[in-house]
Each structure stands twice: as C-alpha cells, then as structure tokens.
Amino acid sequence: MTAWLAVAAPILPPIATPRVDWPTVAPVVAMFGAALAIVLLRALVRHSRRLVDTTSVVLAFAGMATAAGFLFYQWHLVRETGGYQTFAGAVAVDGLAVFVQAIVLGACALGVLLGLGYVRREALELPELLALLLLCTTGMMVMAQANDLVVVFVALEVFSIALYVLSAFDLRRAESQEAGLKYFVLGAFSSAIFLYGIALTYGATGTTSLTGIATFLAGNTLTHTGLLLAGFALLLVGLGFKVAAAPFHMWTPDVYEGAPTPITAFMSAATKAAAFGALLRIFAGSFQLYVSDWRPVVFGLAVASLVVGTVAAAVQTDVKRMLAYSSIGHAGFVLIGLQVANAGASGNRLPGTAAALFYLLVYAVMAIGAFGVVQVMTQRGDTHHALSDYRGLARTEPAIAGLLTLFLLAQTGVPLTGGFVAKLAVFRSAVDAGQYQLALIGMLAAVISAFVYLRLVITMYAPNSDAENAAAEGAEPAPRVRIDPGAGIALFLTAAAVLVLGVMPNWTLDIAHQATQLLAK
Amino acid sequence: MTLVAGLFDISTQHYFVVGALLFTIGAVGLLVRKNTIVMFMCVELMLNAVNLTFVAFSKALDDAAGQAAVFFTLIVAAAEVAVGLAIIVAIFRRRQGVTADDIDLLKG
Amino acid sequence: MTTFHAPPLAASVMTEYYRQYLAVAVFVGAALVMVGAMLGVGALLRPKRPQPEKYITYESGSDPFGTFGQQNVRYYVYALLFVIFDVETVFVFPWAVNADHSGLGWFGFGEIAVFVLILVAGLGYLWRKGLLSWA
Chain A
16 MTAWLAVAAP ILPPIATPRV DWPTVAPVVA MFGAALAIVL LRALVRHSRR LVDTTSVVLA
76 FAGMATAAGF LFYQWHLVRE TGGYQTFAGA VAVDGLAVFV QAIVLGACAL GVLLGLGYVR
136 REALELPELL ALLLLCTTGM MVMAQANDLV VVFVALEVFS IALYVLSAFD LRRAESQEAG
196 LKYFVLGAFS SAIFLYGIAL TYGATGTTSL TGIATFLAGN TLTHTGLLLA GFALLLVGLG
256 FKVAAAPFHM WTPDVYEGAP TPITAFMSAA TKAAAFGALL RIFAGSFQLY VSDWRPVVFG
316 LAVASLVVGT VAAAVQTDVK RMLAYSSIGH AGFVLIGLQV ANAGASGNRL PGTAAALFYL
376 LVYAVMAIGA FGVVQVMTQR GDTHHALSDY RGLARTEPAI AGLLTLFLLA QTGVPLTGGF
436 VAKLAVFRSA VDAGQYQLAL IGMLAAVISA FVYLRLVITM YAPNSDAENA AAEGAEPAPR
496 VRIDPGAGIA LFLTAAAVLV LGVMPNWTLD IAHQATQLLA K
Chain B
3 MTLVAGLFDI STQHYFVVGA LLFTIGAVGL LVRKNTIVMF MCVELMLNAV NLTFVAFSKA
63 LDDAAGQAAV FFTLIVAAAE VAVGLAIIVA IFRRRQGVTA DDIDLLKG
Chain C
320 MTTFHAPPLA ASVMTEYYRQ YLAVAVFVGA ALVMVGAMLG VGALLRPKRP QPEKYITYES
380 GSDPFGTFGQ QNVRYYVYAL LFVIFDVETV FVFPWAVNAD HSGLGWFGFG EIAVFVLILV
440 AGLGYLWRKG LLSWA
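Same order as they appear, the protein sequences are chains A, B and C. Under the numbering used here, the first residue of the first sequence is numbered 16, with each subsequent residue one higher. Under the numbering used here, the first residue of the second sequence is numbered 3, with each subsequent residue one higher. Under the numbering used here, the first residue of the third sequence is numbered 320, with each subsequent residue one higher.
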C-alpha cells in the first residue's frame, strides 16, 4: 500500500481547496447545526421529555433567528457589492438567493408554530418534527443558493427526503403513511428524471456549473442541440414535479390531503419557493440564450396548471384537496412570471422574475394561513376537513371563518389583499413582455377560480340547518374549536402579512425588483 | 481480424444508448409494476442508468466532474433507500401487503 | 469516435489483447464439458424409479408456505445501516488516499471530521432509540 502511494504521489497534483466563505453559508450552517443539536439532545437526554421538548423549541428558534440575522447581513452585502459567487463557483450569493431563502425561512418558522399545537394534540414526537423541518429548510436554502447543477440536485434530495418522512410523520394514521409513500415514489421518480437532465446537460456543455453552462452556450454554437434540449426538458420535468405544475401534479392532492396539516402548510409554501428559485436561476439565468426553445414549453405548463388548478378544484368536496388543487393553479401564475422572466428587464418595466418572486412570497403567506385555519378546524386524528364540516362556521366560530375568508379572498385576488397585487404584478410583467395571450388566460383562470373560493366562503356563511335541528333536539353540540397559541401567532402573522402586502406592496415589490437585479456574476 | 476488432469496438455512444435503455426500463417499470418494492428497484435502476451516462460523458469529455457527480448520486440513492424502505416497512406492519393497488385511501 | 481504449491499436496488438481472453473461453468451455459430463453420464447410468415424494421440497413432511422474499422485517434495519455506512465510505476513501501529499492538510481533515461526526451523531441517535439491539 505504501509503495503504491509512493508511486502515485508524484503524479497527483495538489488539490486546490476552495476558500470557505463563512458568512455565505452561515444561515445554512445555523439551521443544520440547530437540527443536529436537537437530534443529539433527543438521543442523549432521556430522563425528562418536557425538558427535551422545551429545549428543542428554543434551539429551533435560535437556529432560525441566527439564520435570519445572517441573511439580513447577506442582503446588505449584496446590495453594496452586487451578487457574487463563492465555493469555487458552486454557491451564488445574490438577491434571488437571499429573497428565496427568506421566504423558505419564514415558511419554516410558521410551520414550526403550527406544528407545536398539532404535535401536542396528536401525541407525536416534537424534537423529531423540529429537526426534520429544520433539515428540510436547510436543503431548500442550499437549493436557493446553488450555482451548480450537482449542488441543486443534492439540495433537492436533502429537502425531498426530509419531506417524504414529514409527510408520513403521523405513522399511526394510514392516510399519512400513504401520503408519504406516494410522495416518495413519485418524488424519487422526478429526482431521477432531474438527474438524467443534469447528465444530458453536462454531456452537451461539458460542465455542471450554471455559470459555466451560460458561458459555454454564449461562446459556442451547437450544431446538434438535441442533447441539450433533452437535458432542458428533463430538468423542467423534474422541477415541474416539485412545484406541482400540471401535468406533473398527480401527487399533489393526495400528498397534501394525507400529510399532517402543518406539514402541508410548510410544504406548499416552501417547496414551491425553493424549486421556483432553482427554475428561475437555471432557465432565466443559464439557459436564457435558448429562451425561444423553452418558452413555449413553459407556456404549455402554465396554461395546463391554470386549467387543472381551477377546474379540478371546483369539484372537490375536501377542503385540503381543494387547497391542493388551488396550489397547482398558483404554480401556473408563477410560471407566467417565469415565461416572461427577463423580457421586461430594461427600463421601467417589471421583469417576470421579480413578479414571480413577489408571487411566491404572497403565496407562501396565503397558503400557510389557509392551511393553518384548516389545521385549527381539524380535530384529533386530522379529520373533519370535508366541505360539509365548514357549513355554518360563521355563526359558531366567526373569528376563524373571518380569517379563512381573508385567506380565500387573497387567493382569489381581491383588491386590498396581497393576492391581488401578486396577480397584478404577474399579469403586468406578461403584458409588458407582449405576452397578451398568457395574461388573458391567467385573468380568465383567476375569475373562474373565484368560484372555487367563494363556494367555500358561502358554505361557511350559510346556515347549518342540521346542527340547529340537532341542537333543538337537545343533542351534544359540536366541540368548540380551540386555537392553540402557536397556531394563533402563525395565523395572526399570516393575516397581517396578507393585508400589509395588499395595502402597501411597494416596499416588498421594490425589494423583489432589486433582488432580481443583483444576480451573481 | 479488423472485422472482429470492429465488432468489439465499444464507443462511448454505446454507453449512452445502454444508459438511455436502462433509464427507460426503469421508468416504464415504475409506471407499470404494482409491487412497491419493485417500483423502488426501478428507481434505483434509473439512478444507476444516470450514473452510467455520467461516467460515459466524463470519459468522452475527459473531465472528472462527471465521475464526482456519481459519488453524490450514490449517496443520495442510499439515503432514498433508507427512507423509502422505512416508509414501506411502516405500512407493511399495518396491513401485511405492499401492493400499490391496496393503497387507495386518498383519492378524489 | 472516441473509444475506451484510445489511441487506436494496431491489429497485431488487438489480437494479443483478445488472446488474453482465450483463457476465459477455454475455462468456460471446460466448465461446460465437465458439468455436462458429470450430469449426463450420471443420468445415463443411474436407475430411474420415479416417485412423487421425490419432488417435494422437504421429505420430512412439512409443506413450505409463503412466497419468495418474505424475510423478517427486523433484518432490514441492519441492511440499511450497512448500506448507509458502506456508501459513506465513498467520500472517506478519496480523502484517505490523498490525505498526506495533496495539500489538503488540516482543511481536509476538518472537512472529513465534520462529515464523520455528523454520521456519528446519526448513529448515536439510532443507538439511543434502541435500533441497534436485537428486538
């Protein structure tokens, strides 16, 4: 062995180690460190479950606060110096990365808040849930920063694998198991497709670095684009699965319905943000030169998502399923932004990337709010989310009905809510880019989807004759809905955010706009 | 002799074709088979087909990055096996069967 | 077309290359002949007295049941642990062969130490959860 080493030694050149830029990875390290600390705490401290639970919550919030602080620092750094690359070009620190990471981190915090009460009600393990949520968020944050397709893939898998476990977290409930298995099989399928896309793109361009790909495509005219375009298509399919864009949405309703509700809330918001962050970076960034090749495909995906999201949601009788289908529709609206990603970058026009980022932020808040209300409404065993369970809610629980109405109106796109501004921004960017057809289809979908949301609102405000008859006959009234403190804080924050983003959107829109202009060079 | 040598002359293109075939077999198998364990093996087949493609491209391009990517794929595949089998075993403990047709609580 | 044994070899060298495989072919042929001879001569010489009992799996009488692949579930944990720790070696091995002469130095040691420590944390969790004891 030593002899072999001695022979091999002169041949091998020294390996250049990348400079470790700690502030760049500090948010990720803080989140991962907190998750690891929770796992170790759970393993080592066995005498007091209460102590472990309390400390894990403190650790989780400490990790998230540290990450948020470093993100804030990164944002200022990026604003001063512009976006930059580090870790030998594998990681990008720029406006897009910071914005998406902020959305994901916020979704994680709200998911933890919602999860606290849920875990207590369902008698599940709190430390494991927190550790998995933090690990999942770590993967998503890396994905937002990734500037190399292999890093994108590893990040995608880190958060996907954590999400498979989280979907199946409530192991005693068969629905949760089933959601985990279905998500796992289809998720692994989509990951494999995404990976094949990476391999083909690597074969066509000779590199997996996103910057390298852009440079290669700018400097070389390919005589045979088949390999490259096949790579694009497979990458788009793989990420299309993750953002739940039609026709790759088959898993969405089942998984969203079966997964524990706080996980559904987190997953719907954060996965979309992370995967769309990668889509924007890959397609609007590296593949921009071939925009005429991928634009029609994204157009098709957007239209399909809008149609499936609105039409299928209209016939659902389960509120969680209905919100899952509406999540597919929202993916369609963000895809409109991707479609016109860089088209409006010049002058006073709104680039599609900025509109997409703003939409992702607003969707995160609306979705977590709506699923949060569903979680409060469900009873032990995560049951009672059929449409009929919401009948007459306005009379028995006016506060909850009001909150859900707010989130549903925001998802419809009613003025004075964030949803209105987000839809307006997406349509404006499409119109600015001259994509009138897409803007028109989007507006039609928004109008039709209003029916879906208003159906639920009307159900809540309709009198519940069954319950009143039962009460008249002296039957036991339905149990009062209890809002635990964590869910209360989460609902308050999301409701406030929906209103603030609707009434004073300019500040956030400006930040989204700036973020898209501070891309890593 | 040149005829025989030509027959055995395996170019990188052959590897891409084998990779694509394996990937297709895996994808089709995943879609048509009912047993979750077999579906699971099909995913592994797809990942390994990609590995083959990566290594072939790495050789054709004379670039080690493709081989390094295979390491990451291997690790990810192992992690997926762990989580996937754990979920399957959890379901198996409950209902003594892992056929995809039995898993039909969620639909609408 | 790039080939896996570039640069192109002269015909004589190619012949030599394939001659090395001749031994394999001879081996395969010899194996086939030997097995064929043993089974074939035996089949010719031995008396044939067919009885249905000869075709069941256990002549002691207990009928085999169940289908292929139904192992006890508890073994899977060990299989998984093996797979995971075995595969992680893929990252440790390149570091180990390059550790002392590639300029990786303490940076490389730190990286691999963090990697192994994270794995150890996972192992510790499994241990305290009781997954390593024979349940």
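Treat the hints as calculated values from the structure; they're not laboratory data. This structure is a prediction, so every number in the text was calculated from the model and none was measured. Keep in mind that the hints are not guaranteed to be accurate.
List time: in silico EDC-like cross-link candidates among lysine to aspartate or glutamate, alpha-carbon distance up to 20 Å [what the hints assert, rightly or not]:
| id | chain 1 | residue 1 | chain 2 | residue 2 |
| --- | --- | --- | --- | --- |
| 1 | C | K448 | A | E190 |
| 2 | C | K367 | A | D333 |
| 3 | B | K36 | B | E46 |
| 4 | C | K367 | A | E190 |
| 5 | B | K36 | A | E190 |
| query | Out of the numbered hints, which ones does the structure contradict? | reply | Of the numbered hints given earlier, those the structure breaks are 1, 2, 4, listed in rising order.
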